[in-house]
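Starting from the known structure of chain A, arrange chain B on it as the hints suggest.
Protein chains: 2
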Amino acid sequence: MKIKILAEYITKFGELWDKSLSDLLKEAATEVISKADIKPSEIEAVFVANMGSGILENQLHLGALVSSFFPHHPPAVRVEGACASGGLASVMAQQSLLSGRYKTVLVIGAEKMTDVSTSAATKFLSSAADYTREYGSTFPSLYALLTQAHMQKYGTTRDMLSAVSVKNHRHAMKNIKAQFHRELTINDVNNSEVIANPIRLLDCSPISDGAAAIILTTKQTNSPEIVSYGHASDSLTLADRKSLSSLQATKDAISQCMSNTKIKLNDIQMAEVHDCFSVNEILAIEDLGFFKKGHGGEATLSEQTTYGGKIVINPSGGLKACGHPVGATGVKQLAFISNLIRQDEINVGLTHNVGGSGATVIVHLLSK
Amino acid sequence: MKIKILAEYITKFGELWDKSLSDLLKEAATEVISKADIKPSEIEAVFVANMGSGILENQLHLGALVSSFFPHHPPAVRVEGACASGGLASVMAQQSLLSGRYKTVLVIGAEKMTDVSTSAATKFLSSAADYTREYGSTFPSLYALLTQAHMQKYGTTRDMLSAVSVKNHRHAMKNIKAQFHRELTINDVNNSEVIANPIRLLDCSPISDGAAAIILTTKQTNSPEIVSYGHASDSLTLADRKSLSSLQATKDAISQCMSNTKIKLNDIQMAEVHDCFSVNEILAIEDLGFFKKGHGGEATLSEQTTYGGKIVINPSGGLKACGHPVGATGVKQLAFISNLIRQDEINVGLTHNVGGSGATVIVHLLSK
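Quick note, the sequences are listed as chains A and B, same order.
With my numbering applied, the first sequence covers 3 to 370.
With my numbering applied, the second sequence covers 3 to 370.
Derived by calculation from the structure, the hints in this document are not laboratory data.
Model, not experiment: these values are computed from the prediction.
One thing to keep in mind: the hints can contain errors.
Pairs count within a copy or across copies, as identical chains cannot be separated in the list.
What the hints assert, rightly or not - With a cut-off of at most 20 Å between alpha-carbon atoms, the simulated SDA-like pairs for lysine to any residue come out as follows:
(1) Lys125 with Thr140
(2) Lys4 with Gly102
(3) Lys4 with Tyr104
(4) Lys105 with Glu46
(5) Lys155 with Lys294
(6) Lys28 with His74
(7) Lys244 with Ser43
(8) Lys244 with Pro73
(9) Lys244 with Phe72
(10) Lys253 with Arg103
(11) Lys244 with His74
(12) Lys41 with Val118
(13) Lys4 with Arg103
(14) Lys125 with Glu59
(15) Lys105 with Ser230
(16) Lys221 with Leu100
(17) Lys105 with Met3
(18) Lys105 with Gln258
(19) Lys28 with Thr134
So that you can see chain A by itself, here it is in the shape it has in the complex:
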C-alpha cells in the first residue's frame, strides 16, 4: 500500500499577532482541502500536532477542536512529542492508513507562541527536557553542551556554525512563508549576543506562530509518495547519552527509513532538517549520513549544503529562517519537500524532525 501526499499547505510563519491558534488551524485545514480539490467529508480522520497550547493557552483537546471545523466531525487525535510532534502525527496517520481503517486523513500542525513573553516561551520549551533531572535547563543551554562537544571533538569552528544560519537565511529569501527575509553574514552571526556559550542569538531558531497541513491518502494519485519513515527514541536526559557529538536517534531513524527501499542516500537531492540551533543541522547532516562524522561544519562552510553543492539542506530556510512554530515544524517540513517534488524541482527528498535534545527523531523519505 502506497501513501501519497494529496496536497500540502503552509501558513505564513512569523509573529502573527492578528491570528489565534484556532485561526491558524482553520486556515491550514481549509486551504489544504481546497488544494486537494476534495470535499471536506472525504477527510476520514484528523491527526493534530501541537506541543504547547495547554501550557501557553490552557487549551487541550485540539483534535476535537479541528474536528469541529468539519460538519461530519471526523475522529481526531492530538499527538505530542515536543518539537517532533509534527513528524509524529504523520507517523500515527500513516499507521492508521496502513491499518486499513482509513483511506484519506488530514495531518495538521500548529503552534501559537508569540502571545507570551520570551521567558515564558523559553520555560515552556524546557518542558521537552527531563523535569526531574534537567530542571532549570533551557534548550539553548542543553544544545550549548552539544555544540561544545562537537567543537572539541571535531574542531568545528565558530565560522562553521555561523555558516548554517547564513545559508538558511539566504534560502529563506525566496520562501514567501518564511519568518525572516534578511540575509546575514558570518560576522553578523559571530558577533550576535551570547545566549548560552558558545550559542549566539543568530544560532537559535526563533519563537514563531504558524501552521501546516498535509492530506495523506492510500488512493491512486500522481502525488508525491512517502516512501518510508523512521521513528526512534533516545534517553530524555543528556546525562544518559553515550555520546554528545551525535544523536543516536537520528542514526536509528534514518537506518529504519533506508532499510526497505531501493533509494540510496545519494539520490536525496534536498532535505529539511531540524536546525533548532546551528549545531543540530551539523549533527543532522552527519548522523543522516550525508557527510562523514565531524565533517558537517566544514561541508556547510564550503557551501556543500546549498545549491550547487552535494545536497541542498533546508531549502525553506529551515527552523532558523523559515521559523519554528514547534508543533507545525514537522508537518511544514513534509509539506515543503512534497511541494518541491510536486513542482518537479526534485525527485527525492527527506525530512528530519527532532524532539527535545534528540530523545525523539522522525525521518521521512519522499519521492515522486
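Chain B alone, transformed into the frame defined by chain A:
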C-alpha cells in the same frame, strides 16, 4: 489479525503524595512487563496517554520519558484527547500493530493531579473545553447543563442521579486499587454540597493520581482480545450540539464497534463507562444501547446496572469511586475489563472513555 491484551496493571488510585508522575509511570511499566513475563526489549513501541503534565508540571515529551525506562529506547509517542487520552492511546497502538510495524507494544496512561490546588486542577480540566467559546466554563458547569437537559426531557430524578454514585461506591469496596472505600446512601449524595446546580459534590469524580498499563500484541496467546474499537468526535462546544440529552459520539463509537462482530450488545456482561459526573453514566448506558433512551436513571435506581441486574456498569467503581487520574482512565478501563476476562469472571466486556463533554469518545469491545 487479532489484538490481544498480554497483560494489564493498575496502580493504586488516589491522593498519592509520595509518588511523582514519573514514579507512577515507572511502576505501571515495570509491573505490566513483569506480569506479561516478557523481556523489556520485547516492547517495540510505547504509547503514552496523559492529559495535563504540561500544564500541571511543565513536563511534556512523556513518550521519551517512558522510553527512557527501557535500555533499548523503543520509539514512543504521547497521545492526548483530554479525558479520552487513554482510550485514544490504545487506538493509536492498535493501528500501529495492524499497520504491521510492530507485534508487541505498551500502552500506558498516567496523571498526577493532586500536587496543585483544587482550583488549579479545575482550571486545568477546563482546557478540554473550547477556550474561545466556552471560556470560563468549568466542567461541572458544562455537565450541569447536560444534567438539566436530561432531567427536563426524561424526568430523571435527583435520586436516580444519586443512585449512580451509590452503586459505584459499593462496587469500589472490593477494588483494592480504588481511591474511595466508603459506602454512600442516596441521602448522602442528595445532601452533599451543590457544585453547579443540579450537580452535587458526590456526583463528581475526584481529582486523582494514578497510572495504568496494558501490553498489546498480535502474537498468538490465550489472553483477552480487543475485538473492535470505535473512535468518534463531536463538536467541541456544547453550543453546536443538536442534542444535550445524549452524546452523539458515544452512539457513533458503539456503532463502529458493533458493526463487524458477531457479538451482540446483550452478550456484554460488564462495562466500564465514563461516569465523570453521574449524568454521564446515565447518558452512556442509554447511548451505548444497554437501556432505552430516557430509562437509564430508572434502570440505575432499580439496580439493573449492578450484580444481579441486566449488566454490571463500572465494576471497578468507575471514575467516581475508583478515581479519575484523567490520562490513566481509558487505559485503566481496558486493564480492569481485561483482567475480569482473564480471571474468567466474564466473557465479554466493554469500555467507554469520553473526552471533554463528549467531543471525543472511544469504545472498546473485549472478549475471551
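* Asked: Which hints, by number, does the structure contradict?
  -> 12
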